[in-house]
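Go ahead and model the full structure; you've got the sequences and the hints to work with.
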Amino acid sequence: MWTFIHKLGSPPWFFGFSGTLVRWLLPITVILLLVGAVWGLLVAPPDFRQGNSYRIIYIHVPAAVVALAGYYVMAFAGAVSLIWRIKMADVTMRAAAPVGAVLTAIALVTGAIWGKPTWGTWWVWDARITSMLILLFLYLGVVALFEAYENKTAAARACAVLSLVGMVNIPIIYKSVDWWYSLHQPASIKFTGESAIDSSMLYPLLLMIVAFYCLFTVTLLLNMRAELVWTHRASGWLKQLVGDS
Amino acid sequence: MTSPADVANPLLFFFMVITLFPLGLGPDPARLATLAPGILWVVALLASLMVSAKLFASDFEDGSLEQLALAPYPLAVTALAEVSAHWLATGFLLSLVSPMFAVMLGLPEAGLATLLISLLLGTVCLTLIGALGSALTVNIRRGGLLLSILIIPLNVPVLIFGTTAVREAVLGGNPESWLALLAGLALGSLVVVPLAIGAALRVSLDS
Numbered sequence: 001m002w003t004f005i006h007k008l009g010s011p012p013w014f015f016g017f018s019g020t021l022v023r024w025l026l027p028i029t030v031i032l033l034l035v036g037a038v039w040g041l042l043v044a045p046p047d048f049r050q051g052n053s054y055r056i057i058y059i060h061v062p063a064a065v066v067a068l069a070g071y072y073v074m075a076f077a078g079a080v081s082l083i084w085r086i087k088m089a090d091v092t093m094r095a096a097a098p099v100g101a102v103l104t105a106i107a108l109v110t111g112a113i114w115g116k117p118t119w120g121t122w123w124v125w126d127a128r129i130t131s132m133l134i135l136l137f138l139y140l141g142v143v144a145l146f147e148a149y150e151n152k153t154a155a156a157r158a159c160a161v162l163s164l165v166g167m168v169n170i171p172i173i174y175k176s177v178d179w180w181y182s183l184h185q186p187a188s189i190k191f192t193g194e195s196a197i198d199s200s201m202l203y204p205l206l207l208m209i210v211a212f213y214c215l216f217t218v219t220l221l222l223n224m225r226a227e228l229v230w231t232h233r234a235s236g237w238l239k240q241l242v243g244d245s
Numbered sequence: 001m002t003s004p005a006d007v008a009n010p011l012l013f014f015f016m017v018i019t020l021f022p023l024g025l026g027p028d029p030a031r032l033a034t035l036a037p038g039i040l041w042v043v044a045l046l047a048s049l050m051v052s053a054k055l056f057a058s059d060f061e062d063g064s065l066e067q068l069a070l071a072p073y074p075l076a077v078t079a080l081a082e083v084s085a086h087w088l089a090t091g092f093l094l095s096l097v098s099p100m101f102a103v104m105l106g107l108p109e110a111g112l113a114t115l116l117i118s119l120l121l122g123t124v125c126l127t128l129i130g131a132l133g134s135a136l137t138v139n140i141r142r143g144g145l146l147l148s149i150l151i152i153p154l155n156v157p158v159l160i161f162g163t164t165a166v167r168e169a170v171l172g173g174n175p176e177s178w179l180a181l182l183a184g185l186a187l188g189s190l191v192v193v194p195l196a197i198g199a200a201l202r203v204s205l206d207s
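Protein chains in written order, with our numbering: chain A, 1 to 245; chain B, 1 to 207.
Simulated from the structure, these hints should not be mistaken for laboratory data. Using N, Cα and C, we set each Cβ at its ideal position, and we do this for glycine too. Any given hint could be a false lead.
Unchecked claim - Simulated restraints on C-beta separations:
| no. | chain 1 | residue 1 | chain 2 | residue 2 | range |
| --- | --- | --- | --- | --- | --- |
| 1 | B | Leu20 | A | Ser53 | 56 to 64 angstroms |
| 2 | B | Ser58 | A | Asp178 | 49 to 57 angstroms |
| 3 | B | Val191 | A | Trp123 | 33 to 41 angstroms |
| 4 | B | Gly38 | A | Phe48 | 37 to 45 angstroms |
| 5 | B | Asp28 | A | Trp123 | 50 to 58 angstroms |
| 6 | B | Ala71 | A | Phe17 | 54 to 62 angstroms |
| 7 | B | Ala71 | A | Gly243 | 48 to 56 angstroms |
| 8 | A | Thr231 | B | Tyr73 | 31 to 39 angstroms |
| 9 | A | Pro45 | B | Met104 | 54 to 62 angstroms |
| 10 | B | Val191 | A | Phe48 | 48 to 56 angstroms |
| 11 | B | Leu20 | A | Tyr203 | 30 to 38 angstroms |
Structure representation (structure tokens):
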């Protein structure tokens with residue numbers, strides 16, 4: 001176990017290992033996404049109130065779930081990087097931020113598209129929507145901070161501090177936005193659904209969530225590999241690898 | 001803090017931005033009164049962003065920050081001392097003058113005391129988070145706007161608790177629970193954020 005973790009910290013070893021992992025995970029992700037999409041979009045029954053428009057849930061909810069989990073991945077990598085100064089943790093954190101930001105944006109945009117037919121408006125200052133918007137800001141802050149530093153080692157450590165503070169803050173933000181919303185709740189909008197979801201709709205949703213987790217992992221790994229190639233473009237092991245293939 | 005202007009300018013900024021709201025929204029006293037808690041709190045937050053950009057800048061430029069980092073005290077403790085001094089000169093004063101501006105905006109008298117207390121507690125959090133942003137961006141040229149981007153999302157709970165407390169008091173309710181939440185945030189931040197500031201300062205000094 002410990003040797004495995006030690007190996008993870010070595011860029012050449014990680015490059016090989018992640019290559020194998022991507023080779024297996026990428027087809028699995030594509031299959032899961034296809035099966036989930038077909039199941040959710042074609043096979044699952046239409047909702048009795050929303051008709052077919054609810055089907056965007058199969059993109060919206062998985063994106064939102066994984067976006068939030070992505071922040072914790074980033075913050076955890078940040079903690080590892082701060083405590084043990086492992087280079088690969090820096091790379092993980094840096095690679096996770098844009099992926100998470102894009103997923104958050106997807107969740108917000110699909111939410112807006114879903115809101116138009118369901119609530120009659122593109123945007124409401126609903127508790128969950130607002131929390132997601134703030135999560136997007138937190139992600140973009142980390143990306144912006146990373147880009148601002150010229151010294152990338154320092155950038156990674158600064159981002160680690162920021163994402164850890166953000167991680168502590170996220171539950172407080174969610175709770176406070178929740179209270180804020182319940183105090184100002186406009187009466188016109190009533191949103192019920194997920195908790196009472198039927199299993200014929202739930203299973204494809206769960207499958208899509210798993211698929212999105214795989215998608216996140218694959219994108220993260222590919223992002224990390226691109227980063228490794230760039231930072232180690234002058235090192236011997238990479239040249240050897242390119243020369244071999 | 002090097003000159004009286006450093007103390008006066010944030011208060012002037014606070015005053016001027018508040019003046020913009022009646023000009024932009026119209027002078028209707030009833031509407032201004034309902035918006036007053038939000039206006040005062042948002043402007044206080046903006047003022048704290050403005051002042052925290054410079055918090056560690058002069059210490060960083062003249063090298064005294066490096067000396068402080070070499071001192072036999074944890075950097076977190078030194079940072080806490082700096083932040084406390086900064087708060088006394090900015091957030092504390094801003095809270096003290098806020099009731100005057102609140103009266104100008106027509107905030108009902110029932111909300112004045114709560115506004116003062118909520119800002120006293122809230123500016124502690126705002127200053128600490130602002131100091132963290134300053135520590136992270138002190139070595140970056142044109143870090144001012146970046147600092148705002150980093151810390152605005154972190155300040156969301158403070159803003160919500162603060163405005164809700166004032167609104168609750170204006171409506172005749174009991175704002176104590178909201179003030180207690182703010183106090184909790186302030187105390188929690190006092191414990192946790194200086195550690196992050198210390199770590200961030202080390203990053204900035206090393207880079």
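Each hint tested on the structure:
The beta-carbon spacing between leucine 20 of chain B and serine 53 of chain A, approximately 42 angstroms, falls outside the hinted interval of 56 to 64 angstroms. Separated by about 41 angstroms at the C-beta atoms, serine 58 of chain B and aspartate 178 of chain A break the suggested range of 49 to 57 angstroms. Checked against the hint of 33 to 41 angstroms, the pair valine 191 of chain B and tryptophan 123 of chain A passes, with Cβ atoms roughly 37 angstroms apart. Remark: the range hint 37 to 45 angstroms for glycine 38 of chain B to phenylalanine 48 of chain A is upheld by a beta-carbon distance near 40 angstroms.
Range check, aspartate 28 of chain B to tryptophan 123 of chain A: about 27 angstroms between beta-carbon atoms, so the 50 to 58 angstroms window is missed. Evaluation of the 54 to 62 angstroms hint for alanine 71 of chain B and phenylalanine 17 of chain A yields a failure: the beta carbon distance comes to about 44 angstroms. As the Cβ distance of alanine 71 of chain B to glycine 243 of chain A is approximately 52 angstroms, the hint placing it in 48 to 56 angstroms holds. Between threonine 231 of chain A and tyrosine 73 of chain B, the C-beta spacing of about 36 angstroms keeps the proposed range 31 to 39 angstroms intact.
A C-beta distance of roughly 59 angstroms is found between proline 45 of chain A and methionine 104 of chain B, which places it inside the suggested range of 54 to 62 angstroms. For the pair valine 191 of chain B and phenylalanine 48 of chain A, the beta carbons lie near 51 angstroms from each other, so the given range of 48 to 56 angstroms is met. Leucine 20 of chain B and tyrosine 203 of chain A have their C-beta atoms about 54 angstroms apart, which leaves the hinted 30 to 38 angstroms range violated.
When the structure is compared with the earlier hints, violations turn up for hints 1, 2, 5, 6, 11 and for no others.
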